[in-house]
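Asks: With these hints in hand, go ahead and build the complete structure from the sequences.
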Amino acid sequence: MNNDLLQHVERYLVGRLLGPEALAQYDRGPVGKAFLRPTASALVRLSDDFTRERQNLAEAAPGDYWHDTRCLAYLFHFLPRNYVKAAWVLAELGGHPDVVKELTAKSRFTVLDVGCGPGTSALATLSFLASLQPAAFQVRIVLVEMSPAALQKATDLLRQAADWINAERHEAMTLHVTPHTGDAKRTGKYPPHAAADFIWLSNVLNECAPEDGPPAAWVRELVRKHLAPDGSLCVIEPALHASARAAMQLRDALLEDLSECGIFAPCTANGPCRMLAGRPERDWCHVALTWHPTPLVAQLDAMTGLSSRIQKFFYFVLRKDGKHATEARSGWTPWRVIGDLQREKGREKRLVCGPDRCTLLMRFKRDRHAGNEAFSAARRGDVLWLSSAPVLLADGLRLLPHTQVERQTVASPTTE
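1 is the number of the first residue of the sequence shown in the numbering used here; add one for each residue after it.
Please note that a few of the clues may not be correct.
As the list claims (entries may be wrong) - With a straight-line Cα cutoff of 30 angstroms, these simulated DSSO-like cross-link-like pairs (lysine-lysine) come out:
(1) Lys189 / Lys106
(2) Lys365 / Lys345
(3) Lys323 / Lys312
(4) Lys106 / Lys323
(5) Lys106 / Lys320
(6) Lys323 / Lys101
(7) Lys320 / Lys225
(8) Lys101 / Lys345
(9) Lys189 / Lys225
(10) Lys320 / Lys189
(11) Lys101 / Lys225
(12) Lys33 / Lys323
(13) Lys345 / Lys312
(14) Lys106 / Lys33
(15) Lys365 / Lys225
Worth flagging that the hints you see were computed from the coordinates, not collected in a lab.
Replies: What follows is the structure in structure tokens.
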């Protein structure tokens, strides 16, 4: 359903923002370039603002890009890309049988989307819950956003999404949206709501002004006051060096301050970040997913020279109930893949993060066999389960010849 909902959103936005002629072209095939040229030009500018020219955003008023053509660029290009990231995080939660069991036993949910923008993460959550719940259920979504324009778009898209989802269901989903215009950091001003099953901080932390100080204090209060005992705090940040490392430091601060919380993913164990503790400062943690871009994203990529097929991002999920994406298996140890495969003469290696360290894991060519093929087949973000402990070398760890390797993937409906 995730892919279907994303297509519905794109089609609706084309008709709403570009008009009936563009919608007719969208339904037949590519939208004419005349309709997309202003958006493509704005997309190049906005993409630079989010990457190379971040000072532009820092100096502008919050949500400045919602008031000109960059709004179209965001809705047509960044919304789908951010949606598949949220769907990927949700799919990993959905891969845990006990999490699924608890969610399917409920009929009422609360989602808190902080710094929601156009409601991208909330949209993905609606689709995720609908895929798990054949029976009737209710969802209250609390949206917190500084930009009234973005908040209005989020409210509109969520209500449209509820209509599309219900059109495909035998039992209705009832949606209640509570929009709140305000500062994410002022958690005490949020509208009253039940403890949240999902709290989203998606691309929020990197837009907080440096003079506001570290975000650990207000995020800690967010978790303490708003997260349900069996809920998930889901944090997504760009796969940029500064923003990812800042979020890694936030992860450490939260685990230190919130004794009731543990890391669900991506880390395979609690405690301080292994990369921050043991790797050079130049390294930063991020995963990558591969997806089939929606028609309009593909068109805008072709017009601008951008490439959206591979989406890289940093994320972490905290929970209070002790669940982990990598639950213990007797005799096996989990290692999260956070680096691409590198081939050298006589061996292959990749950066992994495990129970006690972040390091290079190596497989020598002479040790390669069918039982460890998962080592080279894995993608960034997968988990490699090893049947025996690797051997410590001067520059990393080595797979022993007899070690069996199994691959745990995130089976997201939006990815390849």
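Asks: Which of the numbered hints above does this structure break?
Replies: 8, 12, 14 and 15
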